[in-house]
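Engineer: Residue strings, one per chain:
There are 2 protein chains.
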Amino acid sequence: MIQIKGSMMSVREDVKVLDATLRDGGLVNDFYFSDDFVRALYRMNLAAGVDFMEFGYRADKKQFDVNKFGKWKFAEDDDIRAIVGDNDTNMKISVMADVGRCDYKNSIRPKSESPVDLFRIATYINTMPEAVAMIEDAAQKGYETTCNIMAVSKCQERDLTIALDMLSKSPVKAVYVVDSYGALYPIQIRDIVNFYAEGLAESGKLVGIHAHNNQQCAFANTIEAMSVGASMMDGTVMGMGRGAGNCSLEGLLGFLKNPKYDISPVLSFIEDYMLQLREDGSVWGYDIPYLLTGLTDQHPRSAIAAVQENNRHYLDFYNEIWD
Amino acid sequence: MIQIKGSMMSVREDVKVLDATLRDGGLVNDFYFSDDFVRALYRMNLAAGVDFMEFGYRADKKQFDVNKFGKWKFAEDDDIRAIVGDNDTNMKISVMADVGRCDYKNSIRPKSESPVDLFRIATYINTMPEAVAMIEDAAQKGYETTCNIMAVSKCQERDLTIALDMLSKSPVKAVYVVDSYGALYPIQIRDIVNFYAEGLAESGKLVGIHAHNNQQCAFANTIEAMSVGASMMDGTVMGMGRGAGNCSLEGLLGFLKNPKYDISPVLSFIEDYMLQLREDGSVWGYDIPYLLTGLTDQHPRSAIAAVQENNRHYLDFYNEIWD
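As given, the protein sequences belong to chains L and C, one line each in that order. Per our numbering, the very first residue in the first sequence carries number 1; after that it's consecutive. Per our numbering, the very first residue in the second sequence carries number 324; after that it's consecutive.
Simulated from the structure, these hints should not be mistaken for laboratory data. Since this is a predicted model, take the numbers as computed values, not measurements. Keep in mind that a hint or two might mislead.
Said to hold, decoys possible - Simulated crosslink set (EDC-like; lysine to aspartate or glutamate; CA at most 16 angstroms straight-line):
1. Lys328/C <-> Asp191/L
2. Lys394/C <-> Asp353/C
3. Lys5/L <-> Asp514/C
4. Lys92/L <-> Asp77/L
5. Lys492/C <-> Asp460/C
6. Lys384/C <-> Asp400/C
As the list claims (entries may be wrong) - A partial selection of chain L residues facing chain C, derived with a Cβ cut-off under 7 angstroms:
7. Asn106
8. Ala139
9. Gly142
10. Ile187
11. Glu224
12. Gly254
13. Glu271
14. Tyr273
15. Tyr314
All C-beta atoms in this analysis are idealised placements derived from N, C-alpha and C, irrespective of residue type, glycine included.
Using the sequences and the hints given, assemble the complete structure.
Structural biologist: Right, dumping it as structure tokens:
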């Protein structure tokens with residue numbers, strides 16, 4: 001039995017939308033977005049009533065060659081400020097920091113020196129202690145934080161229980177269900193969101209959802225997570241994101257009943273900017289190889305390679321990854 | 324509160340899969356499938372463990388010019404028999420007959436003269452009396468029948484209540500929830516399937532689901548319908564179907580836990596036949612205009628035209644259909 005929160009006719013005031021186009025979409029084009037694109041996306045999100053815009057990763061320049069990635073891989077304060085100024089708006093700015101890939105002690109400056117509001121700490125379940133250390137560091141510097149537990153379809157319930165307990169005692173604001181492999185169906189997403197909500201209830205932490213579209217469930221999983229209580233919802237324009245991509249921002253805003261959201265600026269942005277990205281060679285979105293890695297609960301890297309190589313031997317591919 | 328039937332770990336023995344590729348996919352290419360394609364699809368469905376294969380519409384040749392459509396628009400007994408012989412298999416053959424578009428009294432022959440097992444009677448809610456007459460006619464001739472109530476997103480509950488009562492008293496085997504406009508979300512599909520199941524419970528009729536992918540919910544809606552008790556599931560290979568298309572057969576077979584189903588023949592068929600259809604110019608599948616007609620609960624014809632014309636003025640399109 002599932003308890004549904006809200007209805008098709010009601011507004012869930014607790015729901016917040018985060019646009020992750022630059023961050024998850026950056027995995028498609030190595031973060032080479034033009035400044036013009038980023039400025040237009042920022043204006044689009046403001047006009048659409050989006051609550052958070054994510055500018056990319058705060059990756060460690062000692063680990064990643066700045067000549068091989070666009071600047072949003074590193075999402076530095078100055079680069080963000082060049083787009084948003086002081087961001088004197090109601091929309092908050094987020095940046096993702098991966099455990100083990102971010103020199104957070106040095107590269108995350110005090111909030112008073114940064115346009116960033118929220119750091120989202122991305123971690124696999126086994127590096128939770130370092131994630132908590134990063135959360136505490138960022139909170140102490142004055143930021144809001146979330147914890148994005150990746151590849152939740154691979155997590156053991158006993159480990160998740162401990163992780164949620166650790167996070168309950170941390171200053172984190174929300175914990176995300178991240179279906180990195182696009183492996184989960186709505187029935188499972190509802191169970192996992194319930195599990196998170198129960199584990200976090202006493203501490204008052206929120207639940208977030210970040211879905212992938214391998215099995216064409218990214219949008220459905222996002223709104224189903226919401227229906228059982230998740231309130232931080234990730235979308236990207238046209239679902240742009242690694243492999244099969246994400247929940248589309250336009251689908252999500254179209255679904256939400258809060259009159260503060262407006263799909264129209266997103267439609268204009270698609271016309272004016274996204275179609276060009278596709279024409280320039282960026283490839284993302286549902287395809288058979290992604291279905292197959294999703295179905296078998298695997299990292300999409302083999303599927304991404306198959307799509308890039310235009311390998312259409314689907315049965316051979318399935319037999320290889322299933323082996 | 325929703326009662327979930329079965330689990331991710333269990334087999335629902337009552338569930339049957341129907342491949343509607345020739346029928347809904349025929350709306351994409353005016354039913355011009357080669358005999359080679361149809362034979363291979365038949366073999367594929369047998370190998371994949373599919374329960375029903377639909378061969379097309381039994382359209383009235385007095386209404387539709389046989390020179391403007393392939394033969395599966397008319398799905399005559401002899402044409403089906405040329406593919407399946409006596410169909411001495413466990414898979415049943417279905418044909419769809421639209422209210423008002425099928426000269427059923429003459430063109431549906433007694434079952435003893437036909438390879439068809441099941442006639443699916445498609446109707447809008449307002450022509451239910453004629454649908455019941457067709458159901459009775461086909462049943463009396465020895466066929467199984469279903470009733471596919473189209474555009475359920477537009478149906479009034481009070482009318483549906485009466486329709487389900489009429490169908491309960493008819494010889495129909497199952498009644499389908501048909502989301503013709505791809506307008507519905509999982510939360511709504513569950514409600515509607517529940518509503519059907521309750522209305523049909525006493526009579527023992529089954530519930531079916533036929534979904535469209537306008538909002539990328541066709542697969543999710545199909546498995547969610549199943550989770551609350553629907554047992555007749557429509558899929559098409561690669562989701563081939565009008566506009567945004569349908570629930571993909573490969574996704575559905577991948578999801579189902581019954582070991583009788585096998586996704587592998589479908590993957591081979593996609594490689595060998597479906598990719599060629601696409602290369603030859605057949606266009607279907609999710610695109611922004613379909614999202615917008617789905618969101619506004621409209622027939623997809625304007626979206627189909629926009630996609631065909633390669634009209635990418637999405638905001639103008641949205642404003643026009645929303646007017």
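Engineer: Now tell me, hint by hint, if it's right for this structure.
Structural biologist: Cross-check of the supplied hints:
With a C-alpha separation of about 15 angstroms, the suggested pair Lys328/C and Asp191/L falls inside the 16 angstroms cut-off, and the hint holds. A threshold of 16 angstroms between alpha carbons decides the hint, and for Lys394/C with Asp353/C the separation of about 9 angstroms falls inside it, so the pair holds. At roughly 15 angstroms between alpha-carbon atoms, Lys5/L and Asp514/C fall within 16 angstroms of each other, so this suggested pair holds. For the given pair, Lys92/L sits about 14 angstroms from Asp77/L by alpha-carbon distance, which is consistent with the 16 angstroms threshold.
Proximity of Lys492/C to Asp460/C is assessed by CA-CA distance (about 14 angstroms); at most 16 angstroms being required, the pair is judged to hold. Distance check on the hinted pair: Lys384/C and Asp400/C sit about 14 angstroms apart at the alpha-carbon level, within 16 angstroms; holds. Given the 7 angstroms rule on beta carbons, the hint for Asn106/L is violated: about 42 angstroms separates it from the nearest Cβ of chain C. Because the smallest distance between the Cβ of Ala139/L and any Cβ of chain C comes to about 35 angstroms, over 7 angstroms, the interface hint for this residue is violated.
Taking 7 angstroms as the C-beta contact cut-off toward chain C, the hint placing Gly142/L at the interface is violated, the least distance being around 39 angstroms. Because the closest C-beta pair between Ile187/L and chain C is about 6 angstroms apart, less than 7 angstroms, the hint holds. Taking 7 angstroms as the C-beta cut-off, the interface hint given for Glu224/L holds, the closest approach to chain C being about 6 angstroms. Annotation: Gly254/L was flagged as interfacial toward chain C, and the flag holds, the nearest CB pair being 4 angstroms apart, inside 7 angstroms.
Because the closest C-beta pair between Glu271/L and chain C is about 5 angstroms apart, less than 7 angstroms, the hint holds. Of the supplied interface hints, the one on Tyr273/L is violated, with its beta-carbon coming no nearer than about 12 angstroms to a beta-carbon of chain C, more than 7 angstroms. A distance limit of 7 angstroms between C-beta atoms decides the matter here; for Tyr314/L the minimum to chain C is near 4 angstroms, and the interface restraint holds.
Of the numbered hints listed earlier, those contradicted by the structure are 7, 8, 9 and 14.
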